[in-house]
Amino acid sequence: MNLNATLIGQSLAFAIFVIFCMKYVWPPVMQALKQRQKKIADGLEAADRAKRDLELAQDKAGKQLREAKQQAAEIIEQANKRSSQIIEEAKEQARVEGERMKVAAQAEIEQEVNRARETLRAQVATLAIAGAEKILGEAVNEKAQSKLVDQLAAEL
Amino acid sequence: MATENQTSAEYIQHHLQNLTFGRLPEGFERVDHHGKVVETLTDSAWTIAHNAAEAKAMGFWALHLDTLGWSIFLGVLFLYLFRKAAIYATSGVPGALQNFVELMVEFVDTNVKDTFHGRNALIAPLALTIFVWVFLMNLMDLVPVDWLPLIATQLGIPFMKVVPTTDPNATIAMALAVFGLIIYYSIKVKGVGGFVGELTLHPFNHWSLIPFNFLLEFVGLLAKPVSLALRLFGNLYAGELIFILIALIPVWWAQWFLSVPWAIFHILIIVLQAFIFMMLTIVYLSMAHEDH
Chain A
38 MNLNATLIGQ
48 SLAFAIFVIF
58 CMKYVWPPVM
68 QALKQRQKKI
78 ADGLEAADRA
88 KRDLELAQDK
98 AGKQLREAKQ
108 QAAEIIEQAN
118 KRSSQIIEEA
128 KEQARVEGER
138 MKVAAQAEIE
148 QEVNRARETL
158 RAQVATLAIA
168 GAEKILGEAV
178 NEKAQSKLVD
188 QLAAEL
Chain B
14 MATENQTSAE
24 YIQHHLQNLT
34 FGRLPEGFER
44 VDHHGKVVET
54 LTDSAWTIAH
64 NAAEAKAMGF
74 WALHLDTLGW
84 SIFLGVLFLY
94 LFRKAAIYAT
104 SGVPGALQNF
114 VELMVEFVDT
124 NVKDTFHGRN
134 ALIAPLALTI
144 FVWVFLMNLM
154 DLVPVDWLPL
164 IATQLGIPFM
174 KVVPTTDPNA
184 TIAMALAVFG
194 LIIYYSIKVK
204 GVGGFVGELT
214 LHPFNHWSLI
224 PFNFLLEFVG
234 LLAKPVSLAL
244 RLFGNLYAGE
254 LIFILIALIP
264 VWWAQWFLSV
274 PWAIFHILII
284 VLQAFIFMML
294 TIVYLSMAHE
304 DH
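Line by line, the protein sequences give chains A and B. What the first sequence shows, in the working numbering, is residues 38 to 193, in sequence order. What the second sequence shows, in the working numbering, is residues 14 to 305, in sequence order.
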């Protein structure tokens with residue numbers, strides 16, 4: 038219980054401990070604590086940002102999906118329109134072609150008819166003369182009667 | 014645990030005597046515990062005191078080897094553990110030791126920041142050192158009172174007082190160091206004039222009341238280290254004394270019925286006293302930084 042030089046020894050020890058603590062213990066521990074605080078703050082901030090980004094991305098994706106659907110509908114509509122147009126065109130073409138072929142066929146028929154008529158006419162003259170010869174029993178002056186025969190043939 | 018050749022008074026005195034190393038003066042008569050003179054010193058001698066009278070005769074220039082030894086051992090233990098944690102401190106997932114150290118550091122740091130608002134690199138580590146060191150020294154009080162002194166006696170060491178904070182030298186030394194810091198920072202922050210002004214022109218700012226102010230303020234200033242040292246010493250000394258008194262009760266089961274509850278209650282006291290010493294240090298130093 039006596040006060041003695043222990044006082045000085047204890048003061049010295051205390052001073053040394055405090056200085057050691059101040060130099061070699063406190064700063065590294067505080068630094069680690071601060072770094073961890075910063076890390077956690079950064080992590081939270083990153084999470085927030087990621088959440089916002091996700092929301093944005095979801096919005097964007099939804100919008101794009103809607104646009105794509107709309108576009109698809111438009112394309113289908115256009116295609117439908119186009120296909121009906123093509124069908125109409127094809128129908129028209131077919132009709133025109135049919136018409137044309139019909140006209141050509143008719144022309145050909147007419148030509149054939151005319152040709153047949155010409156042939157017939159030519160043969161009629163001969164036949165008429167031959168018939169007449171048989172009936173008259175003599176030769177008919179073809180030249181003299183040709184005018185008559187031609188008249189006949191023209192009447193056919 | 015008073016033995017047959019030791020009275021209760023001797024037992025208590027034995028437990029309250031520090032292991033003192035110092036110089037016995039020339040002509041000093043060394044006696045054994047029956048009071049018989051064993052030898053008369055013809056020359057002054059550096060030695061270990063074998064009883065209270067010898068320790069007293071050694072005067073101021075003597076050392077309490079047990080107080081110094083235990084307190085330095087505990088201080089080194091504290092710094093070793095904390096330094097180890099500090100070296101391997103990582104900002105990632107902390108280990109058990111780092112976790113504990115961080116807990117203590119944050120606890121102290123919060124208390125310092127709540128009380129002290131200036132910028133000072135010393136105060137927080139100072140508070141941490143005080144808190145942990147005082148706590149560890151107080152903790153020695155929970156070691157059963159007879160264990161270490163008994164081992165010491167077997168080893169031929171006459172005295173062994175294991176709780177450094179029951180030695181006023183330890184608490185006064187810390188209080189004086191804090192007092193020195195109070196004066197240093199008072200003068201550094203406010204200047205000599207400011208510090209003297211604080212002592213003399215407060216609380217009544219009139220020249221005729223300077224002596225009265227000085228008396229008030231000086232007593233107030235001195236009361237800081239005195240109360241700091243005596244509060245810690247008194248609490249721990251009383252606690253130690255009660256452990257010793259309980260140990261003296263001859264009924265063997267009284268140890269558990271009295272010593273255990275007192276030890277459990279004492280856990281509160283040792284933490285509280287360490288905390289109070291730390292907090293008051295912070296408060297006093299923050300007052301020293303404040304300009305009126």
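It is worth saying that the hints were derived from the structure and are not from the lab. Careful: at least some of the hints might be erroneous.
Here are the simulated DSS-like pairs of lysine-lysine, each with C-alpha atoms no more than 25 Å apart in a straight line [unchecked claim]:
no.	chain 1	residue 1	chain 2	residue 2
1	A	Lys76	B	Lys97
2	B	Lys97	A	Lys60
3	A	Lys75	B	Lys49
4	A	Lys60	B	Lys126
5	B	Lys97	A	Lys71
6	A	Lys118	A	Lys106
So the derived list for chain A, only partly shown, Cβ under 8 Å to chain B, looks like this [to be verified]:
no.	residue
7	Leu40
8	Thr43
9	Leu44
10	Gln47
11	Ser48
12	Trp63
13	Met67
14	Ala69
15	Arg137
16	Val150
17	Asn151
Far from chain A, some chain B residues (derived; all Cβ distances over 12 Å) [unchecked claim]:
no.	residue
18	His47
19	Trp160
20	Val191
21	Gly210
Positions of the beta carbon are idealized from the N, C-alpha and C atoms, including for glycine.
Verification of the supplied hints:
no.: 1; hint: A:Lys76 with B:Lys97; result: holds (23 Å)
no.: 2; hint: B:Lys97 with A:Lys60; result: holds (14 Å)
no.: 3; hint: A:Lys75 with B:Lys49; result: violated (73 Å)
no.: 4; hint: A:Lys60 with B:Lys126; result: holds (19 Å)
no.: 5; hint: B:Lys97 with A:Lys71; result: holds (18 Å)
no.: 6; hint: A:Lys118 with A:Lys106; result: holds (18 Å)
no.: 7; hint: Leu40; result: holds (6 Å)
no.: 8; hint: Thr43; result: holds (4 Å)
no.: 9; hint: Leu44; result: holds (5 Å)
no.: 10; hint: Gln47; result: holds (3 Å)
no.: 11; hint: Ser48; result: holds (4 Å)
no.: 12; hint: Trp63; result: holds (4 Å)
no.: 13; hint: Met67; result: holds (7 Å)
no.: 14; hint: Ala69; result: holds (4 Å)
no.: 15; hint: Arg137; result: violated (90 Å)
no.: 16; hint: Val150; result: violated (109 Å)
no.: 17; hint: Asn151; result: violated (111 Å)
no.: 18; hint: His47; result: holds (23 Å)
no.: 19; hint: Trp160; result: holds (22 Å)
no.: 20; hint: Val191; result: violated (9 Å)
no.: 21; hint: Gly210; result: holds (29 Å)
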